[in-house]
Amino acid sequence: MIDISAKTRILAWLAAMPFLLVVLMFEIAPLLAVAANSIQTETSFSLSNYSEILTSKFYLGSFKVSFLISIATALIGLGIGLPAAVLLKRMPGRVQQFVVICSNIGANFTGFPLAFSFVIMLGVSGSFTLLLQRIGLLEDFNIYSTSGLVIAYSYFQIQFAILLVLPSLAAITAEIEEAAHLVGASRFAFWWRIGLPILAPSLLGSFLLLFANAMGTYATAWALVGGSANVVTIRIGELTAGDVFSDPYLADALAMLLVVSLILPIVVEQMFLRTKDRDR
Amino acid sequence: MSYVEIRELTKKFDTTTVFENINLDVDEGKICVLVGPSGCGKTTLLRAVAGLTHPDSGVIRLDQRDVTKVEAKNRGVGMVFQHYALFPNMTVEQNLAFGLEQKKLPRPEIRKKVDGVIELMGLGPRAKARPAALSGGQKQRVALARALVLEPKLLLLDEPLSALDAQIRKRLRDELKRLQHDVGFTAIFVTHDQEEALMLGDQVAIMQAGRFVQIGAPAEIYNRPANLAVANFVGDFNIFDPATVERLFGVAAQTSSWAVRPEAIDISPADRKASANGGAVETEVTVMAVQILGAMVRHYTRAQDVMIKVDLLNKPDQRLFQIGEKARISIARNAIAEMNE
Amino acid sequence: MHERSARDWIWVGLLGCLQLLPIFAIFLNSVAVDWAGTILPDGYTLAHVQNILKDPRFLQSIQNSLIVGFGSLLVTPFIVVPAILVAHCYFPTLDKYLAALVILPYAVPGIVLALGLLRIYSGNYGIVLNGSPWILIFGYMPLAAPLYYVPIKNNLRALRVTELFEAGRLLGASDALILWRVVLPCVRQGLIIGLVMNFTLAISDFVYANLLVGGHFPTLQIFMGVLNGGSGRKLSVLITTYFVVIFVATAIVVWVTSRRSEA
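Residue numbers (our numbering), protein chains in the order written: chain A, 252 to 531; chain B, 746 to 1086; chain C, -17 to 245.
FYI, nobody ran anything at the bench for these hints, they're computed from the structure.
Positions of the beta carbon are idealized from the N, C-alpha and C atoms, including for glycine.
Treat the hints with care, since some could be wrong.
Reference excerpt, derived from the structure (chain B facing chain C, CB under 7 Å, subset only) [said to hold, decoys possible]:
id	residue
1	797
2	817
3	830
All chains, please: the whole structure from these sequences, using the hints.
So, in structure tokens, the structure goes:
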């Protein structure tokens, strides 16, 4: 580590201070506010918000739907994103760069633009709906449904997966691949026995981030299905901004449960990785 | 008074002592090489002289001036780093001009000095290139030029050749020697390579576990290592402990070990009586293996249960010994370095 | 490494098409005369474009989005980048915390943070930011931090910062000068990627805009919500406009990064 004088040290801290302040005010404090609110009602401190959620079929159902959509789209994301990333790694740098930039936009392509484009393509009179119906592959499809959400989420999940997986592929060098082929491994055998085990930890990490990404998606669900979608984020939004159902304390409790359901797997994964490192 | 004086210098990191109360003198216009195994404290000492790390106690004097508390930039020292530390966003010329700009020299003078050092180092064709486009050897030449262009009182080199491959390393080493002859700078050079140390240094300081075990001219270090550790470090001596000496050569009442360089041992066919010159010791050996090292031919021989390395000059008419052949070795008394642990 | 085959190119082409398909669909819809019950539109026209240009809400929302986008760019990098640089150069412990903060926006969804911001900055604690673009500009900052952190950190890892400072000190330069003249130019590429991603984030967000500002300061995304449910022609034009803006921002990245690789 470099030796620094007291003066330099103070200046350096001063340079970092504004950002730390912003993080405190606009990231940590809001989280704490939500946590504090979640154990309150209009009149007193209590855990009644949590007990209400955990005994409500409606709210538990919204978690279930969110979980299912998130697991499904995270798997779809990895299932297509991983081979796509492997393919991309073989491409010249410029093509790679171009697709990465497209994926960057695609991963941010959420909310109304995404929802509306899928309505155009797969809505009741969408061009793909009509095309598939004419070929006879599709009879009836409702984009304003849970399966519609899965398809729409998959769009940004796949691109997010490409972005997450591509850097970790650096661990699979051409040398490893060639060495495996020289001892007679087929492409399938290589990926099954060597490639995937090497990538497993980072794939797990990517899966959790994809899962969290889908769990937290609000704009796309809102834009596509509106209040009738029973996913957690919509319920939170409704309790916050809705005219009929407004109950901010309940919203905060729901939000806390959402955060816990996202952070818990990540923390467990980190601990798991750490013990594995120690075993080595 | 010496040009560079280090007196009773001590440096600790937390609880571990890097070095304690060490002393070193370097004369003007000379290269002093600090050599030792990694972790012996040589780099930390160099950085203390540079002002990049602060010693806990002791004094560093440079050209009669106490610089112990002086900031790095005001010490008038230049440094060459193992990994070059060139500014990647600047061209070769801009890298060379950077230090001069900090001195607020007028433009034309900077231009003149930069051109001069580019000429000196033969960097002309690469003057407009960025570091990423240079080879390792070229990068290190730029780094050297960047330090020299400021005409430092003292040049510090921290393993500057270690990151380069063997060929380039040899070439740059020769170039450095030539440059020092032409320009006449004073330098402290850190390395872990004993060959580099002996070849470059006017003075070689061998450092082990935070202290100097021997300081001297290369020839002195090579021929008269101060102890077994130095002997092992500077070359592959044959080491005979007192008991072995008595057993092989019949010389009794020894308390210290003998260290003998492989090329200082004479070997002759077993049937020929060795020339009995002034009290040389002799013993019978069997040749176990023969290796061509280039200019030398190494014979691994065995006397009773002791392996002895013997080097012969690889001359066209040199008779090489066969594996399994009996032979006789003799060691002149003045080729023996007696030493304790 | 495998040789690239024609089949690989076909797959990459297919991937690219899928990525662009939704965008193409919206563009087609924005210039369609009528598109209902057919696979492709019946004809093409710019009438919708002219139509929406007459709507004052359209220009207002674009203006508001640009205010938020550029406002964010004018504040965020000056707060985020110094922290990233000094943490990398001087404070490895702080750097570890920054690395953890980087995943936080993924683990804590925007809607949760938005709830918290709603609670804090509505006046309960003496600060009212909600309803003004300021809450967006500051609220996006922690979300944008990873967008700067990741690419800049990639650039920094390729540098031996400590040695550069030391070399600089011996050449008579202060650390600040080395940061300015050497380190910052070396992370230029990461910085620009960060800027563009920051801008994209600021004009793409719906959650914060909807919950914290809403009708007080309607951005592009809010206006899209207003138009949602209608014929969709106006919405298509709006979304296409949004894409043009993103495209320009992206073109800058491509231009800058490819220029760098030629150097």
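Cross-check of the supplied hints:
{"no.": "1", "hint": "797", "result": "holds, 5 Å"}
{"no.": "2", "hint": "817", "result": "holds, 4 Å"}
{"no.": "3", "hint": "830", "result": "holds, 4 Å"}
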